[in-house]
Each structure stands twice: as C-alpha cells, then as structure tokens.
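These protein sequence lines map, in sequence, to chains C and U. When you line the first sequence up against our numbering, it's residues 1 to 424, in that order. When you line the second sequence up against our numbering, it's residues 1 to 171, in that order.
Think of the hints as simulated: they come from the structure by calculation, not from any bench. Keep in mind that a hint or two might mislead.
Unchecked claim - Okay, derived cross-link-like pairs now, DMTMM-like style, lysine to aspartate or glutamate, Cα gap no bigger than 25 Å in a straight line:
#, chain 1, residue 1, chain 2, residue 2
1, U, Lys61, C, Asp370
2, C, Lys418, U, Glu153
3, U, Lys61, U, Glu4
As the list claims (entries may be wrong) - With the Cβ distance kept under 8 Å, some of the chain U side facing chain C (calculated, not the full set):
#, residue
4, Leu39
5, Gly62
6, Phe91
As the list claims (entries may be wrong) - Residues from chain U that keep clear of chain C, each with C-beta distances beyond 12 Å, as calculated:
#, residue
7, Glu4
8, Arg6
9, Lys18
10, Asn26
11, Gly41
12, Asp42
13, Arg43
14, Lys61
15, Ala63
16, Gly64
17, Ser66
18, Thr83
19, Asp101
20, Ser109
21, Ala110
22, Ser120
Quantities reported herein were computed from a predicted structural model and do not represent experimental measurements. Using N, Cα and C, we set each Cβ at its ideal position, and we do this for glycine too.
Below, each chain spelled out in residue letters.
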Amino acid sequence: MSASPDLRPATEVRPSSAVAIDISAVRRDFPILSRQVHGRPLVYLDNAASSQKPRAVIEAERSLYEEYYANVHRGVHTLSMASTDAYEAARSKAQRFLNAGSPREIIFTRGTTEAINLVAATFGRSRVRAGDEVLVSGLEHHSNIVPWQMVCEEKGARLRAAPINDDGEIVLDELAKRLTTRTRILALAHVSNALGTVNPVAQIIEMAHARGVPVLLDGAQAAPHVEVDVQALGCDFYAFSGHKIYGPSGIGVLYGKASLLEEMPPYQGGGDMILSVSFEKTTYNELPYKFEAGTPNIAGVVGLGAALDWVGGIGLDRIAAHEHGLLEQGTRRLQEVPGLKIIGTARDKVAVLSFVVEGVHPHDMGTVLDYEGVAVRTGHHCAQPVMERFGVPATTRASLAVYNTKEEIDVLVEGIQKAREMFA
Amino acid sequence: MSAELRELYQEVILDHSKRPRNFRDNPAATGRAEGYNPLCGDRATVYVELEGDLVKDVSFKGAGCSISTASASMMTEALKGKTRAEAESLFDRFHRLITSDPSRAAENSAPELGKLAAFSGVCEFPVRVKCASLPWHTLRSALEGGDARVSTEETEASRGDAEAKAGTGRP
Numbered sequence: 001m002s003a004s005p006d007l008r009p010a011t012e013v014r015p016s017s018a019v020a021i022d023i024s025a026v027r028r029d030f031p032i033l034s035r036q037v038h039g040r041p042l043v044y045l046d047n048a049a050s051s052q053k054p055r056a057v058i059e060a061e062r063s064l065y066e067e068y069y070a071n072v073h074r075g076v077h078t079l080s081m082a083s084t085d086a087y088e089a090a091r092s093k094a095q096r097f098l099n100a101g102s103p104r105e106i107i108f109t110r111g112t113t114e115a116i117n118l119v120a121a122t123f124g125r126s127r128v129r130a131g132d133e134v135l136v137s138g139l140e141h142h143s144n145i146v147p148w149q150m151v152c153e154e155k156g157a158r159l160r161a162a163p164i165n166d167d168g169e170i171v172l173d174e175l176a177k178r179l180t181t182r183t184r185i186l187a188l189a190h191v192s193n194a195l196g197t198v199n200p201v202a203q204i205i206e207m208a209h210a211r212g213v214p215v216l217l218d219g220a221q222a223a224p225h226v227e228v229d230v231q232a233l234g235c236d237f238y239a240f241s242g243h244k245i246y247g248p249s250g251i252g253v254l255y256g257k258a259s260l261l262e263e264m265p266p267y268q269g270g271g272d273m274i275l276s277v278s279f280e281k282t283t284y285n286e287l288p289y290k291f292e293a294g295t296p297n298i299a300g301v302v303g304l305g306a307a308l309d310w311v312g313g314i315g316l317d318r319i320a321a322h323e324h325g326l327l328e329q330g331t332r333r334l335q336e337v338p339g340l341k342i343i344g345t346a347r348d349k350v351a352v353l354s355f356v357v358e359g360v361h362p363h364d365m366g367t368v369l370d371y372e373g374v375a376v377r378t379g380h381h382c383a384q385p386v387m388e389r390f391g392v393p394a395t396t397r398a399s400l401a402v403y404n405t406k407e408e409i410d411v412l413v414e415g416i417q418k419a420r421e422m423f424a
Numbered sequence: 001m002s003a004e005l006r007e008l009y010q011e012v013i014l015d016h017s018k019r020p021r022n023f024r025d026n027p028a029a030t031g032r033a034e035g036y037n038p039l040c041g042d043r044a045t046v047y048v049e050l051e052g053d054l055v056k057d058v059s060f061k062g063a064g065c066s067i068s069t070a071s072a073s074m075m076t077e078a079l080k081g082k083t084r085a086e087a088e089s090l091f092d093r094f095h096r097l098i099t100s101d102p103s104r105a106a107e108n109s110a111p112e113l114g115k116l117a118a119f120s121g122v123c124e125f126p127v128r129v130k131c132a133s134l135p136w137h138t139l140r141s142a143l144e145g146g147d148a149r150v151s152t153e154e155t156e157a158s159r160g161d162a163e164a165k166a167g168t169g170r171p
C-alpha cells in the first residue's frame with residue numbers, strides 16, 4: 001500500500017567494507033550533483049557546512065506530505081497513526097545508528113546546536129554551581145562554547161579549555177590537568193569542524209569518567225564519517241545534525257543516558273511533553289517526550305530516518321574508506337601547491353582540508369573557486385579560537401563527502417592555481 | 001576567466017591589493033579608527049590627519065582580502081585634499097555604487113568617483129559588499145576624531161540598508 005511509511009529498519013545486510021563503493025551510482029542518487037555553477041559542473045566541497053540530499057530523502061518527505069501526513073501522537077485516525085509510526089520508526093533508526101540502548105534515549109532536536117543548548121540549559125543549569133568548572137577543548141565550534149559560557153556566566157562558574165598542539169590535536173596531558181574535582185561536565189567535539197581532527201574520544205571519556213566527570217560529545221562532524229557506538233564509548237550525551245549526514249536541515253538528535261535524562265528538568269514547556277496539566281500542577285511526560293515540546297519537525301524526522309537508511313545501505317566503513325582515499329590524494333595534491341599551508345595535520349582526520357595560500361585571501365579564493373564550479377567554505381568556520389591558535393584570520397576549507405571524486409580534487413587544485421596566478 | 005569575475009577583479013583593483021598605497025600609520029593623525037569584519041577576520045586601521053576641514057593625510061594598515069585592501073588603498077588616494085563634507089559625499093556615492101541593483105549599476109556611476117568606479121563589479125557579489133565598504137565605515141569614525149572601533153556587524157544593525165540585506169550569512 002502506497003500510503004504506508006517505510007518502517008523497515010536501517011539496512012542490516014550490506015556489502016563488505018572490502019568492496020569499494022560504486023561512485024557513479026552514489027552520485028546518481030543526488031539530483032543536485034548534475035547541475036552546473038557558472039557554466040561548470042558543480043564540485044561540492046562544502047560538506048562540513050551541510051551535505052547534499054539523496055533522492056531517498058527527498059522522496060521520503062514528498063511521500064509523507066502526499067500520502068500520509070498528519071500530526072503525531074494525537075489522533076486515532078489513520079493518517080495520524082501512519083505519521084506517528086513513521087516518526088517513531090525514525091527514532092528507532094537513530095537508536096540503531098548510535099547503538100543506543102533504548103529509543104527512550106533518543107530526543108529529536110532542531111540540530112546539534114539545540115541539542116547542546118538543551119543539555120546546557122537542563123543538565124548544566126541544575127548541576128553547575130558557583131565556583132564550578134565546565135571543560136571544553138580548543139577545537140570547539142562556537143555552538144559547543146557559547147551555551148556553556150552562558151551557563152557559567154549565570155552560575156558564576158568557569159569555562160576552561162584544553163589546548164591543542166600545532167597539528168590540531170588536543171594535548172591530553174593538559175586536558176587531564178583540567179579535569180578537576182570542580183569539573184561538572186566535559187563537552188567535546190568528536191571531530192573538529194575546522195580542521196577535521198578525530199579526537200581520541202574513547203580514551204578521553206575514560207579519563208573523564210575516572211574523575212567522575214560526565215561527557216557530552218558534539219558529533220555534528222563525526223556522524224557522517226565515523227561509526228559511532230554510544231554504549232561502547234560510554235559517553236553520557238551525544239549530539240548530531242541531520243543536514244550534515246545527507247538528511248534534512250532543522251532536525252538533529254540528542255542521545256542521553258536514560259538515567260541522566262530522567263533526572264533532568266524539561267527543556268521547554270508545551271504540548272507532547274506533558275501527561276496532564278491543571279493550573280496547579282503539570283505532570284511531565286516520560287522519556288523521550290519530556291524533551292520534545294510542541295509539534296515536532298515531522299518531515300525532518302522522517303527525512304532523517306531515510307538518510308540514516310541510505311547511509312546504512314552504503315555502510316559507514318565503506319564511506320570512511322572512500323573519503324580517506326580522497327583525503328590522502330587531496331593532502332598530497334595540495335602540498336604540491338607553492339605557498340599553500342594545510343591547517344590541521346592530525347594523524348587521525350576525516351576528509352577536511354583547511355588551508356591558507358600565501359598572497360591569496362580565503363575570500364578571494366572562495367570567489368575564484370566558485371567560478372570554477374567549486375563550492376568551498378571560507379572564513380573562520382565558527383571556530384574563532386581555532387583560527388587564533390594558528391594565527392590566521394580565516395582559511396579556505398574543502399570538506400569531502402561520499403559522493404566526491406578524485407577528479408574533483410583535481411578541479412579544486414586547478415582552481416587554487418588560477419587564484420594564485422591572479423593574486424599571488 | 002568569466003566576465004563577472006574580471007569585472008570584480010579589475011586590473012586597478014588587483015594592482016592596489018598587491019601594492020597598497022598609503023599603507024602606513026601616521027603618528028600625527030587627528031583621528032584613527034579600527035575596522036573589523038568578524039565574519040572573515042578582515043581588519044583595517046584608518047588614520048586621518050585633518051587640517052581645519054581638509055583631509056591633509058589619510059593612510060591605513062591592516063590585513064584583508066583583495067577587495068578590502070584595494071578599497072582602502074584607493075580610498076586614501078581619493079580623499080587627500082578633500083573637505084570632510086566631500087569625503088562624506090564620496091562615501092555615499094561609493095556606497096550607492098557597490099550596493100546598487102546590478103542592472104542599474106550604470107545609473108549609480110558618477111564622474112566624481114573617478115578610479116573608484118572600478119568597484120562597480122562588487123554589486124554582483126552581495127557577500128563582498130562589506131569587504132569594499134569596511135575601510136569607508138572606518139574612515140567615517142576616524143573623521144570624527146579620537147580612537148574608535150567599527151565592526152561590520154554593528155554597522156549592519158545600525159544602517160539597515162542594502163548591505164544588511166546582502167549579509168554574509170551566519171558563521
């Protein structure tokens with residue numbers, strides 16, 4: 001029946017990681033990749049900002065709206081039940097994606113930013129007191145700095161940051177020194193957005209837990225590239241965004257250990273997060289609904305489910321292997337360009353190439369590359385402390401995804417050469 | 001290279017960005033202001049030395065993209081010997097040029113712009129408008145004397161004009 005949402009679990013049978021992905025087939029899944037920009041084939045290398053969407057995701061939203069859309073968790077009618085089923089099926093897909101113990105531990109948010117804000121505003125505000133400390137790292141995106149700064153300011157607590165070295169790796173000894181008896185939470189990027197560094201999170205979580213410090217991982221840049229198992233990691237919170245993992249924008253996931261989520265106060269008040277309301281007292285709903293006030297982003301959730309299915313169908317291990325090949329080739333090619341310096345040279349990296357070129361400002365680089373059809377991000381990447389650490393105001397960042405090719409790296413390098421000829 | 005790109009990066013702009021003129025500080029300045037674009041990290045400090053109502057000297061220091069460097073450099077050349085009122089009026093002209101609807105750019109060109117007309121291509125690139133206008137906003141503060149700081153983002157809020165709409169997007 002066409003009106004039934006796709007409730008099947010994320011694909012569990014998939015080709016072995018030894019089998020390379022069929023790049024042409026992958027590219028055919030993304031309608032936008034066939035367009036041109038300024039008369040050149042689009043070379044989309046801005047995936048760390050947001051990735052493009054496969055037809056399966058677009059189709060999932062279309063079919064929801066055309067075939068079975070209604071509000072969720074409300075009606076007894078057919079459409080509402082179908083929508084609710086699809087919504088909750090996506091929650092189970094997210095649970096399996098992160099290997100969380102229960103769907104009760106999966107909360108839908110607007111994105112990683114809102115997920116971190118949720119934890120800061122509930123867990124943070126109820127645990128952090130005057131004189132306490134919150135620990136982050138020198139690699140963080142602003143969205144894993146500012147929510148904690150706000151809590152610290154309100155409570156008279158101190159925000160501390162573990163420094164990074166010249167390769168863009170967290171200095172673990174320095175991090176350990178900052179895990180004190182006053183530290184209430186460690187909030188850390190799993191993967192750095194500006195540099196691509198993959199942090200040794202399992203080791204860091206162990207260090208933090210040994211001192212009784214709970215850990216939140218900002219997985220916005222990790223989820224599309226690295227297999228995540230929240231139970232194996234033992235992290236207390238994990239956040240990621242749909243739009244960076246081939247899903248819709250405006251939807252994200254917060255995983256939290258049920259024991260912590262249960263003791264946390266609600267984030268927002270409204271419909272769906274309550275069991276009963278009178279003017280005297282409100283009884284809050286159980287997990288995860290306690291944290292999902294108001295009619296949620298239903299289409300976003302369904303689209304995210306489709307995206308996770310799509311990723312599962314290819315396999316994150318195969319995606320990572322493909323992207324790693326591109327990273328190696330890209331690193332080699334960029335190093336051949338005179339005057340080019342790669343910022344972020346960690347041993348363990350995802351396919352992010354952040355760089356500066358002598359004599360060419362990133363803004364000009366971005367404009368020239370755009371006219372070659374190449375989309376890159378230029379600026380500080382919402383990580384000004386990282387830029388300051390490396391003494392640059394901005395970089396150009398090429399960030400790769402499953403659909404990028406070796407030929408596209410060549411186009412990037414040719415574009416960089418053109419910019420050098422113009423400006424340097 | 002495409003026509004639009006050539007229009008943006010005209011020879012005179014590339015020349016000034018590679019060899020900026022009046023690129024120095026001025027201990028005798030009567031006013032100095034620091035301009036900052038937090039979105040791309042561009043910084044320009046503009047030094048103005050007024051003699052009565054006349055701009056006796058104007059210079060700048062800083063680091064930015066080719067558009068902002070060339071804009072600062074060409075601004076300093078255009079302003080020497082002008083009165084404050086003339087400087088203000090030139091800024092208005094220049095601002096109109098870089099924020100105009102590209103199809104009407106010709107109408108907003110004016111003879112008094114002189115070499116600055118080379119920036120007409122900027123209006124095709126809304127995200128680059130702030131690069132070109134930063135030195136001018138900074139100049140305006142420096143003309144008021146003393147020591148001031150200007151941010152493109154605060155400017156955006158207070159001006160509420162085409163530049164604000166152009167926006168360079170959230171970080």
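Hint by hint, here is what the structure shows:
no., hint, result
1, U:Lys61 / C:Asp370, "violated, 29 Å"
2, C:Lys418 / U:Glu153, "violated, 31 Å"
3, U:Lys61 / U:Glu4, "violated, 29 Å"
4, Leu39, "holds, 6 Å"
5, Gly62, "violated, 10 Å"
6, Phe91, "violated, 22 Å"
7, Glu4, "violated, 8 Å"
8, Arg6, "violated, 10 Å"
9, Lys18, "violated, 7 Å"
10, Asn26, "holds, 24 Å"
11, Gly41, "violated, 3 Å"
12, Asp42, "violated, 7 Å"
13, Arg43, "violated, 7 Å"
14, Lys61, "holds, 14 Å"
15, Ala63, "violated, 7 Å"
16, Gly64, "violated, 7 Å"
17, Ser66, "violated, 5 Å"
18, Thr83, "holds, 33 Å"
19, Asp101, "holds, 20 Å"
20, Ser109, "holds, 22 Å"
21, Ala110, "holds, 26 Å"
22, Ser120, "holds, 16 Å"
When held up to the earlier numbered hints, the structure conflicts with 1, 2, 3, 5, 6, 7, 8, 9, 11, 12, 13, 15, 16 and 17 and fits the remainder.
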